[in-house]
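**Student:** Chain by chain, the residues run as shown.
Number of protein chains: 2
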Amino acid sequence: MHTDLVAALDIGGTKIAGALVDGHGRILLRAQRATPAQEDGDTVMRAVEDVIGELTGSPLWSRARAVGIGSAGPVDASAGTVSPVNVPGWRDYPLVERVRKATAGLLVELIGDGVAITAAEHWQGAARGHDNALCMVVSTGVGGGLVLNGQLHPGPTGNAGHIGHISVELNGDLCPCGSRGCVERIASGPNIARRALEGGWQPGPDGDTSAAAVAEAARAGDPVAVASFERAAQALAAGIAATATLVEIDIAVIGGGVGKAGDILFTPLRKALADYATLSFVRRLTVAPALMGTDAGLVGAAAAALSRNPSETGAGV
Amino acid sequence: MHTDLVAALDIGGTKIAGALVDGHGRILLRAQRATPAQEDGDTVMRAVEDVIGELTGSPLWSRARAVGIGSAGPVDASAGTVSPVNVPGWRDYPLVERVRKATAGLLVELIGDGVAITAAEHWQGAARGHDNALCMVVSTGVGGGLVLNGQLHPGPTGNAGHIGHISVELNGDLCPCGSRGCVERIASGPNIARRALEGGWQPGPDGDTSAAAVAEAARAGDPVAVASFERAAQALAAGIAATATLVEIDIAVIGGGVGKAGDILFTPLRKALADYATLSFVRRLTVAPALMGTDAGLVGAAAAALSRNPSETGAGV
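Residue numbers (the numbering used here), protein chains in the order written: chain A, 1 to 317; chain B, 1 to 317.
So that you can see chain A by itself, here it is in the shape it has in the complex (with noise of 0.2 Å):
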């Protein structure tokens, strides 16, 4: 039996990644392109459509039935544009009206890049079974997205979820958002090894001087490296704490490459969690690390577009 696909673009700074699904997420044909990042918008834009060309010159393409997009953001789903920080080209970029041209007319959905890995996460991953949850990708930048009351919660413009840049140090420092004290000025891998660099922490014979260098550091006993993970969990714990008391979540999953630093993170996070989520109806929440691997976005993605799509009922979203 042919069932209906859809179509996912996973659009960041580097990658412009796209994919068919099926209603059961599984991936059936991929297409990839690197990010003309600096170029202008329109020459971006062409990567996007060689990507889109690959997945509509198949035959699996007629049974493509919608097209959801994750992008870097912000993203505007109401006027359907994007603005990613890192591809300066882009600026309310029409992205929705070109991807449904270049795809002769099919219906879009437009969610931010945090929005999408939740959508994934929640329909196959960590947070699988939860009806509130937070998901959240701590790497280059710190993203995220809620589900609420068992539905995605993109909110209004698709950014619900920014996690990364609430502030959780009144008179921290100055994020590049231009707000101060935002957790990914923190908890962000360059954020960890800049700390860990200006405590004295020194590289090993090969320099790398990244956040999974600070944590195999940290994991031989480290103090400096140590101490920088656990001020990263701590701003962690006081976003996530923050979050539940909001909006009551009762799980947090944690994904990305500082994500991927296992005992060296979760032990001070879920320490620091316990001093920061102290109200009765907060202290039952849980962080976990995430079970998607570098596909959630296209997963994520595609369970956006398929939850729109009636003719489809695979997606738990």
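Misleading hints may appear alongside valid ones.
[As the list claims (entries may be wrong)] Each pair of labels, with its calculated beta carbon distance range:
hint : chain 1 : residue 1 : chain 2 : residue 2 : range
1    : A       : G293      : B       : R283      : 33 to 41 Å
2    : A       : G57       : B       : R270      : 48 to 56 Å
3    : A       : D263      : B       : A212      : 46 to 54 Å
4    : B       : R270      : A       : Q151      : 31 to 39 Å
5    : A       : T286      : B       : D206      : 47 to 55 Å
[As the list claims (entries may be wrong)] A short list of chain B residues far from chain A (calculated; beta carbon distances all over 10 Å):
hint : residue
6    : G13
7    : E49
8    : E54
9    : P88
10   : E97
11   : G172
12   : D173
13   : R194
14   : E198
15   : G200
16   : A212
17   : A220
18   : G257
19   : P289
20   : T294
21   : D295
[As the list claims (entries may be wrong)] Stretches of chain A that chain B covers, calculated by requiring three or more beta carbons in the stretch to come under 8 Å of a beta carbon on chain B:
hint : segment
22   : 45–54
23   : 153–160
24   : 277–291
25   : 296–305
None of these hints come from the bench; they were simulated from the model.
Even for Gly, the Cβ is constructed at its ideal location relative to N, Cα and C.
Dock chain B against chain A, hints included.
**Tutor:** This is chain B only, laid out in the frame that chain A set:
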């Protein structure tokens, strides 16, 4: 024509108010008792039963179809219990079951007091017409509630919107809740007054050291009083911006005694909001004073009951 009514209860640490309310939010009958807050649980419940007794004794009672309760928190709507911080005799107290018995089995809807205020402001006050709103009470404590996608968002336990206990200062002062740097620990009336006194502010001849007296001094130009309100405004702004960044609200409504300070609060608050609400999708966020008066808790409790009672259609929550 004799339309249906609902009974509303507003339960706080100082008073227990009750009312019969119609589908337009009009209060047709009132009853009130002081809360015997330091007595045992059954004594507190007898005060609630006295209030209910005044309502059931009225000929209007035959038209009552449901009961809405807004209670000081934390509450647990899923269990039907309440544990108000200022009523130590009630811990996991089965209020819903007791009220059901006292009203001959009417349907009982329980929400936290911040959620009740929000229901009232959304139905008839400053948040009317806004599909995504935060409503706050800033007085002895700082409470709140959320409207998301046009609906009240009480959360699974009825406590969502607890903005007073999100941390905006990771390593800030210890809060009675156990966390650090909570919005309430910085912005509540008693904390505004404490900070002014610590900074050298001197009360007038009447010896009034309330936040209202600090506000009056600030209006007269006292720099320490002004600074204490600016600091409260900064904490409120960080908390409001965090909420908007997480769930995409477009208005924050502020009531309570401190909310009545007017420009002394709202001018620095709007300024600070521009510092913390920086992402494109939160820049249009506005703040406004609450419009509902002291009946907000009763009207909101009524709204919650009406929204669960299909025979009524007056409440827009």
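**Student:** Run every hint past the structure and note whether it holds.
**Tutor:** How the hints compare with the structure:
1. For A:G293 and B:R283, the Cβ-Cβ distance of about 35 Å falls inside the hinted range of 33 to 41 Å, so the restraint holds.
2. As the Cβ distance of A:G57 to B:R270 is approximately 53 Å, the hint placing it in 48 to 56 Å holds.
3. A beta carbon spacing of about 51 Å between A:D263 and B:A212 agrees with the range 46 to 54 Å that was offered as a hint.
4. The hinted range of 31 to 39 Å is satisfied by B:R270 and A:Q151, whose Cβ atoms lie roughly 33 Å apart.
5. The supplied range of 47 to 55 Å is met by A:T286 and B:D206, whose beta-carbon atoms lie about 52 Å from each other.
6. The beta carbon of B:G13 is kept farther than 10 Å from every beta carbon of chain A, the shortest such distance being approximately 17 Å.
7. For B:E49, the condition that its CB be more than 10 Å from all CB atoms of chain A holds, with the nearest at approximately 25 Å.
8. Even its closest Cβ contact with chain A, about 32 Å, leaves B:E54 beyond 10 Å, as expected for a residue assigned away from the interface.
9. Taking the minimum C-beta to C-beta distance to chain A, about 14 Å, the non-interface status of B:P88 holds against the 10 Å cut.
10. Every CB of chain A lies more than 10 Å from the CB of B:E97, the least distance being 19 Å, so the non-interface label holds.
11. A Cβ of chain A approaches the Cβ of B:G172 within 10 Å, the least distance being about 8 Å, so the stated non-interface status is violated.
12. Its beta-carbon lying about 12 Å from the closest one in chain A, B:D173 satisfies the requirement of being farther than 10 Å from that chain.
13. Every CB of chain A lies more than 10 Å from the CB of B:R194, the least distance being 18 Å, so the non-interface label holds.
14. For B:E198, the non-interface assignment is confirmed: its Cβ lies about 18 Å from the closest Cβ of chain A, beyond the 10 Å cut-off.
15. Distance check for B:G200 against chain A: the nearest CB is about 21 Å away, which clears 10 Å, and the non-interface claim stands.
16. Every C-beta of chain A lies more than 10 Å from that of B:A212, the closest at about 25 Å, which supports listing it as non-interface.
17. With a closest Cβ-Cβ approach of about 27 Å to chain A, B:A220 is found to remain outside the 10 Å limit, as its non-interface label requires.
18. The claim that B:G257 is not at the interface with chain A holds, since no C-beta of that chain comes within 10 Å of its own (minimum 23 Å).
19. Chain A leaves B:P289 outside its interface by the beta-carbon criterion, the shortest separation being 21 Å against a cut-off of 10 Å.
20. For B:T294, the shortest C-beta to C-beta distance to chain A comes to about 26 Å, beyond the 10 Å cut-off, and the non-interface label holds.
21. The non-interface label for B:D295 is consistent with chain A: the shortest C-beta to C-beta separation is roughly 26 Å, beyond 10 Å.
22. Evaluation of the coverage hint for the segment 45–54 of chain A: breached, as 0 residues show C-beta separations to chain B shorter than 8 Å, against a requirement of three.
23. Three residues within the 8 Å Cβ limit are the bar, and the segment 153–160 of chain A against chain B gives 6, so the coverage statement holds.
24. Counting residues of the segment 277–291 of chain A whose CB lies closer than 8 Å to any CB of chain B gives 5, which reaches the minimum of 3, so the coverage claim holds.
25. With 0 residues having a beta carbon nearer than 8 Å to a beta carbon of chain B, the segment 296–305 of chain A misses the requirement of three or more and the stated coverage is violated.
Consistency note: the structure conflicts with the earlier hints numbered 11, 22, 25.
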